[in-house]
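Enquirer: For the record, the sequence lines run as chains A and B. Once you know that position 120 of the first sequence is 120 in the working numbering, the rest is easy, because the numbers rise by one and skip nothing. Once you know that position 61 of the second sequence is 61 in the working numbering, the rest is easy, because the numbers rise by one and skip nothing.
Calculated from the structure, these hints are not laboratory results. Note that the structure is predicted; figures quoted are calculated from it, not measured. The reader is advised that the hints may include incorrect statements.
[As the list claims (entries may be wrong)] Computed footprint of chain A on chain B; a stretch qualifies when at least three of its residues, placed anywhere within it, have a C-beta under 8 Å from a C-beta of chain A:
1. 6-19
2. 65-78
3. 81-95
4. 108-122
Backbone N, C-alpha and C define an ideal beta-carbon position, used for all residues, glycine too.
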Amino acid sequence: MVKSWTWGLLLAGVLLGGAWWWLGGDRDLRKIMRQSERLAAALHKTPDEGLLGLATRSREVAGFFASKVALTPGDPLPPIQSRDELVTVAATTLHAVSSLEVQILDRELSWIEPHQEAAMRVAVEVRVEAQGERQKMLHTYDLKWIREEERWVVASVQPGESIRRPGASGQ
Amino acid sequence: MPTWSIWLWGRRPHVTLLRAAVLGTALYLVGRYAFPPVHVSGLSMEPTVHDGTWRIGNKLKFHNRDPQRGELVMIRMAGWHAYYLKRVLGLPGETIAFRSGALLINGHVVPEPYVDGTSDWALNPTRVPEGEYFVAGDNRAVPLPAHKAGLTRRSDIAGGLLW
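Can you build the whole structure from these sequences, using the hints too?
Expert: Structure below.
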């Protein structure tokens, strides 16, 4: 029989590890991580989603961004500079595709200014179906997160590709 | 001690636990820093590497030497789990071009046995800067503008493939 002290030691180790992770880690960074997961989930669109649903979804997506934003997501999307503009672009884009799925593959997060501004590099897989054609694309983006009214929101997005076209400006 | 307990924990459970912890840690370190399992996503490397398959990466491959033309490389995206998988075509200082799908290095055609079929890839002569490499996938059925191909920095090359 396994001795009781072995179980006790194992349990204590697990509890201490959990406590260290929860209390010792940075809660703000975990909040930003969760926000990025929610944003990716909000971009998910199924073929059966109606117009009303899309309108609501566009506002939900825009809610993840700061009131003044600088988004240059790259082709085919135009640069976006305000939340209102973002609602329009999100609605148009979601309407134009039959289905859309954004999956976060990996990300790295660091403080620009502790607990006020953070930089995130995120690798995503985008699966999109439009006009009967399915595509799967891999992209890397640099996001700046800022705290606005006690919420973490995205202030800027730009491509952060490690492979660049010849002649294009560097990263 | 019941038979099932001996089978599960061994005669000295604390030693079994210690062994399991050491083995788990070793597997984690090897997987993270040396030979990570790689799940291939996308058609960019067809027909050499297929979409949805698993391979083993090798992060130690270019520790002591630089990548050579024709080698497969893992290029960092973000974090520790996501990489582009591409083939090195142009080395630092070389001039690379594509004419009617043919690869030209410093004006000379370089055969690409790993490419299946023909393509219409076209690229004006481009000098690869020092410290950078020109990389592309093997799937030339995808038009060049839609293909993730171009220059990458040596520091973004995280390794190659072990298998």
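Enquirer: Okay, the stretch 6-19 of chain B and chain A, do three or more residues pass the C-beta test at under 8 Å?
Expert: Satisfied; 4 residues make the cut.
Enquirer: Would you check chain A against the stretch 108-122 of chain B, counting CB to CB pairs closer than 8 Å, and say if three or more residues qualify?
Expert: Coverage by chain A is violated for the stretch 108-122 of chain B (0 residues, Cβ < 8 Å).
Enquirer: Taking a Cβ-to-Cβ distance below 8 Å as contact, does the stretch 65-78 of chain B have at least three residues touching chain A?
Expert: Holds: 4 residues of the stretch 65-78 of chain B have a Cβ under 8 Å from chain A.
Enquirer: Counting residues of the stretch 81-95 of chain B whose CB is closer than 8 Å to a CB in chain A, do you get three or more?
Expert: As far as the stretch 81-95 of chain B goes, the hint holds, because 4 residues have Cβ atoms under 8 Å from chain A.
Violation of the numbered hints given earlier is confined to hint 4; every other hint is satisfied by the structure.
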